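Taken in order, these protein sequences are the chains called V and H.
Counting along the first sequence from 1, when you hit position 74 you're at 65 in this note's numbering, and nothing is skipped either side.
This note's numbering runs 41 ahead of the 1-based position in the second sequence.
Accuracy of the hints is not assured; some may be wrong.
As the list claims (entries may be wrong) - A few chain V residues facing chain H, derived, Cβ under 8 Å:
(1) D21
(2) L25
(3) I45
(4) D46
(5) L49
(6) S52
(7) G56
(8) R293
(9) I297
Stated by the list, open to error - Ranges between beta-carbon positions, derived for each pair:
(10) K171(V) with Q318(H): 56 to 62 Å
(11) P181(V) with Y307(H): 55 to 61 Å
(12) G65(V) with R306(H): 45 to 51 Å
(13) I184(V) with P304(H): 48 to 54 Å
(14) R187(H) with T256(V): 37 to 43 Å
(15) H374(H) with Y273(V): 38 to 44 Å
Honestly, the hints are just simulated from the structure, not real lab data.
Note that this is a predicted model, so its numbers are computed, not measured.
We put the beta carbon where it would ideally sit given N, CA and C, even for glycine.
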Amino acid sequence: MAVLTMAKAINTGLAVAMREDPKVLVMGEDVGRLGGVFRVTDGLQAEFGEERVIDTPLAESGIIGTAVGLAMRGYAPVCEIQFDGFIFPAFDQITTQVARLHLRSDGALCMRVVIRVPSGGGIGAVEHHSESPEAYFAHTPGLRIVTPSNPVDAFTMIRQAVAHPDPVLFLEPKRRYWEKAEVDVTAALPPSIDLFRARVVRRGSDATLLCWGPMVRTCLEAAQADTRDLEVVDARSLAPLDLATIVESVARTGRLVVVHEAPVTGGLGAEIAAAVTEACFYQLEAPVLRVGGFSVPYPPARLEDIYLPDLDRVLEAVDRAMAY
Amino acid sequence: MTADTPTQAPASTPGFRDGDPPEVRLLAQMLLVRRFEERCVELYSAGSIRGFLHVYVGEEAVATGVMSALEPDDAVVATYREHGHALLKGMSARAVMAEMYGKVTGCARGRGGSMHLFEAATRFYGGNAIVGGGLPLAIGLALADRLAGRDRVTACFFGEGAMAEGEFHESVNLAALWRLPVLFVCENNLYAMGTALARSESETNLAVKAAAYELPAWSVDGMDVLAVAEAADRAVQAIRAGGGPHFLEARTFRFRAHSMFDPERYREKAEVEQWKQRDPIELLRGRLVGQGTLAEADLAVMEAEVAAVVDDAAAFAEESPLEDLADLELYVHDPASSVLRRAPLLAAAREGVAP
Ligand SMILES: Cc1ncc(C[n+]2csc(CCOP(=O)(O)OP(=O)(O)O)c2C)c(N)n1
Ligand SMILES: [Mg+2]
């Protein structure tokens, strides 16, 4: 057991994956010598050399496109996009190439590409540095999207993502990078299908709080602070969604509040609300409610606490759900 | 309001009086940028400015020299290292500082912050947090000027790191293809965050690279404000005469870290010290004092006047109020469609906030 921050857990997971499989490469802006802005790739170039840990110029579209070609020839590139907001220059390559080549090659090629994205807010950064772009990508068939909420999951999930034959967008909640936990760094890798399983992280009977990444801790704190018996589910995978686990929970509690940092409008909460309503129509005691960011560009640091869902906003939604 | 006509006269330069030689103005402008940036660093450390902060210390000669060649109704597009550009374009130090503070009196109500200074009336079309993001906008601004038959130039500033992005190449090609009145100014400070030029460009002679797009391109000593001013003047005149876009690489150096979170593992202290020997302000100051244009006493007056402007800006920002939260969605869309505003959500958010 080792006590690791989430950043270090991902770093350790990447190192393990690179040791186990020589086809795994890391690439991105300042990932090598500098070890990345958040130091998630720190030390990897020293251990694996410049051929496997590749510093690139500023060229997001080029980075992802290069990864596509590498994956076609059997490599497993792990690309870092420095901040969430810089993924958009690569949006074209991700949605038109990465997501489609397995299909286009009639299954002959797999796109074993991981795209790591420090995302979300909460660190006093500003727009383009605090965004939660998951819904844009969840809309695109062919992509997998996962996000850990703690160091233990981060260590396992990054290795599962690297091992998985599909392209995986790996969203790292940057405000949780420095949270620590005991991690068993010798643990064997669970089957990769587990990567797409949600987890009930707190049992409860009155309502379900469904969340992921940075909001898991927020929801756990809200549940602990409240007198009602709230269940908290960490979605972990956003594409595919583990509807079986989610539906099982909602069927028991009868109420669902989805919490995410991204704006509510067109957010993943809407997709989840529709799917759960369809599956649990007769068990629901209240409509599925959503808590999320406002429909404004991510605000400046001084408004961050107002923009980001917090205990009050989560529990206010629970109040509304209970009032039906 | 359309942004075609500047509504403000360019702010006067502290430390410069009508009748002084133009070099004195350049010195005063560089000094203003330097002292403003130094104050920003202090205010950032004190927690008054939040978010990110990228300062221009060491690079002042580039924007100062280029802007001296522009007319007030020429347009400017810049990067996130743009506080100096905004001041030089004529934005008030108060509006810039208040924006950095996130106050409602800032140029963008405090929502844009340090990287997104913007003032359409001054034809300062913004800082931009996205590397390369501003370049294509400059093409559209220049095309609009041409369509409207206006004899204006758009100056577009970007770092050498941006030249690796596709947007740079698309933009330069469009400008050259359509012979648009754009001055591309590459602020080559040799590093893009931690990446040295030679590790990001196949051709490190950037003017040679740009010239492949069939536009006049050359390099200039970016620490010598007079050389920058002269080169920019030549380019701007040629552009105005219908000569199409020009590319100017200014070789410069940032004396401080990339941003406030940069341990500078990627460069040697000796390299920084060597460049500091060519501090653009010291170079010009030495020259002006040496040739008797300025006396030490004049310099002291200049410092004092600059300090007064910076003090005033900081005090103004400090005292200014924050934006009313109820206005948070204002200008996300046209206010006429305010029926779409989600008042209940905002009300809920507000409850958690002390009045
Ligand atoms: C599209 C995009 N990718 C990455 C970044 C992160 N980033 C911010 S500044 C910077 C370095 C830019 O270097 P350069 O263009 O040379 O400008 P300088 O900072 O040296 O003035 C990087 C990588 C960004 N802001 N936008
Ligand atoms: Mg640079």
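Status of the hint placing S52(V) at chain H (closest C-beta pair under 8 Å): This hint holds: S52(V) lies near chain H, its Cβ roughly 6 Å from the closest one there, short of 8 Å.
Hint check, R293(V) versus chain H [nearest Cβ-Cβ separation less than 8 Å]: holds (5 Å)
Minimum beta-carbon distance criterion (8 Å), L25(V) to chain H: holds (4 Å)
Consistency of beta-carbon spacing, Y307(H) to P181(V), with hint 55 to 61 Å: For Y307(H) against P181(V), whose Cβ atoms are near 38 Å apart, the range 55 to 61 Å is violated.
Residue hint G56(V), partner chain H, criterion CB-CB below 8 Å: violated (10 Å)
Pairwise beta carbon distance, I184(V) to P304(H), judged against the given window 48 to 54 Å: 41 Å Cβ-Cβ, so the 48 to 54 Å window is violated.
Chain H contact restraint for L49(V) - C-beta distance below 8 Å: holds (5 Å)
Distance restraint evaluation - G65(V), R306(H), Cβ atoms, bounds 45 to 51 Å: violated (33 Å)
C-beta pair R187(H), T256(V): status relative to the range 37 to 43 Å that was hinted: holds (38 Å)
Status of the I45(V) interface restraint (C-beta, 8 Å, chain H): Interface hint status for I45(V): violated (11 Å vs cutoff 8 Å).
Assessment of proposed distance window 56 to 62 Å (beta carbons of K171(V), Q318(H)): violated (45 Å)
Closest C-beta approach of D46(V) to chain H relative to 8 Å, hint status: Hint on D46(V): holds, closest Cβ of chain H at ~6 Å, below 8 Å.
Hint compliance for this structure: hints 3, 7, 10, 11, 12, 13 are broken, all remaining hints hold.
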